[in-house]
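Fit chains B, C and D to the known structure of chain A by using the hints.
The chain contents come next:
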Amino acid sequence: MDPSAYIILSAILFTIGAIGVLLRRNAIVVFMSVEMMLNAANLAFVTFARMHGNLEGQVIAFFVMIVAAAEVVVGLAIIMTIFRTRRSVSIDDPSLMRN
Amino acid sequence: MPELSDFGNDPFWLVCLKTLGVFVILVVLVLFTIWAERRVVARMQMRIGPNRTGPFGLLQSLMDGFKLALKEEIIPVTAHRAVYWLAPLLSAITAFAAFAVIPFGPEVSIFGVITPLQLTDFPQSVLYVLAVASIGIYGLVLAGWSSGSTYPLLGGLRSSAQMISYEISMGLSFVAVFLYAGSMSTSQIVSSQQSLWFAVLLAPSFVIYVTAMVGETNRAPFDLPEAESELVGGFHTEYSSLKFAMFFLAEYINMVTVSSIATTLFLGGWMAPWPLSLIPGINSGWLPMLWWLAKTMLFIYLFIWLRGTLPRLRYDQFMAFGWRVLIPVSLLWIVLVSGLRAIREEMGDTSNTMLAVGAIILAVLLGLLLLATMRRTRVREPDIVEPTGPLSPQAGTFPVPPLPGQTFEYTPRSRQPVAGATTSGSQEEPDA
Amino acid sequence: MSMSVIVAAASEGSTGEQFTFWTCAILSVIGALGLVLSRKTVHSALFTALTMLNLAVLYIANDAPFLGLVQVIVYTGAVMMLFLFVLMLVGVDSSDSLIETLKGQRLIAVLLLAGFAVLLILTLGTALTGTQSVGLVAANEEFGGNVQGLAHLMFTTYLLPLEVVAALLITAALGALVLAHRDRWTPKLDQEALSRLRMERYAETGAHPGPLPNPGVLATSNAIGTPALLPDGSPSELSVPPPLRGESRSRLAAETTEIDADVTEVREIAEGKETMRPKALRDVDGHTDLAEVYPEEKGD
Amino acid sequence: MSILTAAQAVLPMSDGAPAENVEPITATITAAQAGGAFPLMWLLFALPAVGAAVLLIVGRRSDRWGYLLACALPIGSFILACILLAQMMALPEADRQVTLELWNWTFAGSFDAAFALRLDPLSISFVMLITGVGSLIHIYSIGYMAEDPKRRLFFAYLNLFVAAMLLLVLADNYLLVYVGWEGVGLASYLLVGFWQYKDSAAVAAKKAFVMNRVGDVGLSLAIMLMFLTFGTVTFSDVFEAAPEASETTLTIIGLLLLLAAVGKSAQFPLQAWLLDAMEGPTPVSALIHAATMVTAGVYLVVRSNAIFDLSTTAISVVLAIGVITMTMGAWIACAQDEIKKSLAGSTMSQIGYMFLGAGLGPAGYVFAIFHLLMHGMFKADLFLSAGSVMHGNDDQKNMRLYGGLRVAMKVTMVAFFCGFLGISGLPPFDSWFSKDGIIDAALGVNVFAGLVALGVAGMTAFYMTRMLAMTFFGSPRWAEDQHPHESPPVMTVPMLILSIGALFGGLFFVYVAPIGEWLAPVTGYEESTPVIPEIPLKLTSLAIAIIGIALGWRKYATKDVPRVAPTNVTILTTAGRHELYGNAFNESLFMRPGQYLTRWLVWFDNRSLDGLVRGIATGIGDLGGKLRLWETGYARSYALSMLGGALLLGVVVATARWF
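Just so you know, the sequences run in chain order A, B, C and D. Counted the way the working numbering counts, the first sequence spans residues 89 to 187. Counted the way the working numbering counts, the second sequence spans residues 550 to 981. Counted the way the working numbering counts, the third sequence spans residues -12 to 287. Counted the way the working numbering counts, the fourth sequence spans residues 418 to 1076.
You can take every hint at face value.
Straight-line Cα separation of at most 20 Å, SDA-like style, residue types lysine to any residue; simulated pairs:
1. D:LYS972 to D:LEU818
2. C:LYS27 to A:SER178
3. C:LYS90 to D:ALA1052
4. D:LYS567 to D:ALA489
5. C:LYS90 to D:TRP1047
6. D:LYS976 to D:PHE890
7. C:LYS90 to D:LEU1044
8. C:LYS27 to C:ILE17
9. B:LYS567 to B:THR664
10. D:LYS972 to D:PHE834
11. C:LYS90 to D:GLU1048
12. D:LYS827 to D:PRO901
13. B:LYS616 to B:GLY603
14. C:LYS175 to B:ASP865
15. C:LYS175 to B:TYR864
16. C:LYS27 to B:TRP634
17. B:LYS567 to B:LEU668
18. C:LYS27 to A:VAL122
19. C:LYS90 to D:LEU1060
20. C:LYS27 to A:ASP180
21. D:LYS976 to D:THR987
22. D:LYS827 to D:VAL910
23. C:LYS27 to B:THR627
24. D:LYS623 to D:ASN1000
25. D:LYS623 to D:LEU603
26. B:LYS616 to B:GLU586
27. C:LYS90 to A:ASP180
28. C:LYS27 to B:THR699
29. C:LYS90 to A:SER178
30. C:LYS27 to B:ALA631
31. C:LYS27 to A:PHE171
32. D:LYS623 to D:ARG1009
33. C:LYS27 to B:GLY697
34. D:LYS615 to D:ARG568
35. B:LYS620 to B:LEU580
36. D:LYS615 to D:MET807
Hints in this document: simulated from the structure, not taken from any laboratory.
Excised from the complex, chain A in its bound form (with noise of 0.2 Å):
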């Protein structure tokens, strides 16, 4: 079959992701938003792999993975963090660095 549909589809949902992050005021949600992205360039890597017949895409793919756990070991603890403080899970809340 054709890859690039694969990649069209990786696209699409990269820019869903991307409207998610830049639309949506809720921290999880955006935070699941830059989830989204990233799958969406898991996709597109498994698909390159497939592409040029190397593995090396997955590879990058489960990096991104890992990486992409960590992350969100790390920021759901901060969204916890700032939700103890000021009971809300707004993004747009902590916003003291503004200015």
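Quick look at chains B, C and D alone, frame taken from chain A:
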């Protein structure tokens, strides 16, 4: 012995037939397990157990199932309908799906087609089991959440936390098996145990797996998420009728699944045990299914036995055990196994060195264990003071009943008429 | 099961793969849209899980069975579960307000995204036309299988990244522990301290030290909104769960009148003994100030 | 040999006549070759160092036993020093220079200074003085500091001092000398400020420290210059290479070394700190500011004799400083009313004598060191006695409030009197030999200096008589609640032992163990011919001393001493009371100009450099303020920026690919 290339060649009708077979085996085994549990526990508690429905009460579970299906279904108003529906389905489907890669026997001839007695197999099939199990957890979490009630939510969270935790040590216990079998496919793992079962060769992995599988299935003594006395019934508190039956079914199928995985990975699967395996031809044809069944039943009996014997753990103890004992020990064991294998790869036939190193490591571990136990015995004895003399109910802390050897000293208040206690002006003493 | 079918289909490049791809692609796009569009966060999480499951299938279809299974175990089993946990900890009912608060964010975002989409379509369109996939059959066969091939790459060429990533994971775990850790400023309340507190509160305010009475005890029905009857026949509002209390006022009143007859009967039987229960104890149930009951105890 | 010519006995004699030239020690043998206890010589300073470390690290837990340990360790060092002395005397004269290289602690490029010790007659003499007097003062301190809550700390610092001082005199190279030099400076600072809750003590400690730093700069510059010139800082190598250097270089090195010596030894013009340093506990004054540390300057000059011998300018400056300080110190000692300050003035004066001796060149080195050793004993004795007097009089320091203490403090008076005999130049006691040796040599080299020295000898006798009389004789002038009492034996016994040294040290070193023969191989010796014949000279000096004593006795013992210092005094007395305006001198000459310079520099810096820097900073800040508007604080805005950036990048890349 079936090879990996033997799979995936079945005609469509045979696939359907095999699927049906797996389904039937599972359902029958579940019915039997429920009955066996009630009978065995009853025996352990000097009771008789169900013995009315069918011979030895064998049909009891079937009848219970019918009854459950026919009961009125109550759905809480606060429940989230779609997810409430989805949850038991997820539980049951994943429970069945995990069984697809369990080998029941060697290649047999079914209606003229030579095929392995196993629905399917592929190089990563054990990982598939883990993956399916991790999806199954969704059933629990979603059931707990969608019920819209506090107890199920807590129970669901607890169960899933527990299952995820124990899935880690479970996965880790597989690693040594993968290393020795050189494959993640169930059929290959079975065939690599021809000479020696992994339960013997990788005894620590086996022990870890057996412990983790009890935690994974939420069974006693690790059944705290469903602790009736604490959480009413866990994640399925608000479920009734057929949906509850599905959870029930899923739980018992999971029992059977983890038992059969234990059989497959550690007890040589469908192969006959040692003295019997010397008989030629005993590991061919349909007969090995019997060995598989016997080994699986052995584990199911273990489950029942544990339930009848052990008290329930506290949640924090349980989690601490999983994270601080099982996982570190698994990791150590994996390091040891891979280290030994690496030594063997690098140094060739130097089993003596390996044995010496192993002995030293074992000695060190034993020493550490000994130290740990010695430390535990050094716990300071609490100072027990035999209370004597009169005791004031308000003395020191909070009112306590007099201990043996103490006399109760009445406060002036208890002797006085209680102010405002009279509605008709009577001044009677409260009886002491 | 279906997995081997998928694998087989993928390697052949047959209509089987077409079917798998379209099914999973549609489902995963639905999941992604659901993630962005759901108002309830839990729904977003479930939709995400759906997408990830479908992506796993697509990985398998793309000759990456190991990665597909790892995707299920890691993403669906662990990551998304973690999300669900956090959701339930921060309150699952937190649904998002869809009003945009940042000035111009939505407009610029839409414009940029549109540009991004155009760019993607253009680049992908030109880059992908006429590409043909080599397939992984040869690469997989080299070391005897997909897992073996991956392992070979990871433990030789990519050994350093692997070690670094392992360190990263440990760091992340520690970081999460540190972030989620809350220092305990007060000593942990054990059973003894709790009971002491309860008794102190009893001594100070007269709050009932024991567990609350169960609903429906000695009452006509055991429904959760039905108040229990005390031994002297009066209904105890404390036995009703707080959310139902206000709502059940009327029911309480009805219940009271309904059982009034029984109570009178009991009272008549117990005639001469006035009450079966000292007034003081009833007062305690009703939160009477203890000072009224035991005035001389004040000074202690 | 008559007593009058006894001073000559210190000189190296061969067949009753002074040797023309002394063969300097050339051979250096290592400790391992020397054998015996020599390889253990590092223990000399290691023992007290360990004591200091233990007391400081173990802390309060050692309060109960720490001081005993601190006493035992210097005594151990002393015993070891005795053994080493005996072994060294057994060595042939030319071999009396033992080195012990412990490890190499500094190497940078060609610079290479080993942590090496050197034991020769000069350093072993110092070691004996430091450990002997040090041990006695440690023991004395047990009694003196008995009531002090921080006694353990005091002993720790004392041990630290002893260790540093021993390192100073044992060092084999200038860099290690510098370590010891700074170490004693630190110990002195800590001990002067030991009662730092008193403002005066804290200020005095700071002052001593700062003024010492001025000298230390000289030493460090000298070391650098030495390395630059000779490529090494080891004694033997430097001395060997010295004749090849130009005289200017040697003069500069010598003057820098002299600056260091002047700072450490409180000589003019860096003399102002010594009197203030008397704020420290009296054992400190006795050990550090009389017997050992302040003489380190003399040690440095004598040790570097190879350099000074080659530079007439430098050695003349040494001589001049000696003469000036000698006079100043005596002057101050005559006018001060506080017993310790008077003694401090005396110390300055006596060290001035030593500098004078050292400034005479080879003719005077031996006498400088001889006088140094004698001074170490009698001045320690005097200080300890003074401390005992203060101890018995509620820490009263003003001599005008003593009077007639001979009744109450007999032992102390005996000890003080012995010290008096030792210092005032009466035969046959210490100064009779050592000071007159210097005067003799001075008259041979520089008549003017010799005559001044003779005069100051009379002043010495005068102020010592003044102190003796004001303290122990005359009518009692104590306050009502001041109950003078004798000190405990733990204090008086060390005093008495030192008294013996003060009385008979001179005789011992002249007749029993001739110090000149002992030291001359290290310092070199040249005979000088006095302009006045010997016997008239001796008689003159004795007469001057007796006149001084008589004047003092007449003024302070036979007349009543007013309790409050009289104000209608000569300008000389007023100047003496103000320490000859040393502080004012320093202030106007160094401090004020320094302050003005600093202020001007700050002003200049603000206007020129800072203006430029601030301008740039303000510009960047303004730019940052503009850029800051981009930072909204909202994560989603940042995400938007990222998307924009990615888009831009993608467009660029795609364009590049297409065209």
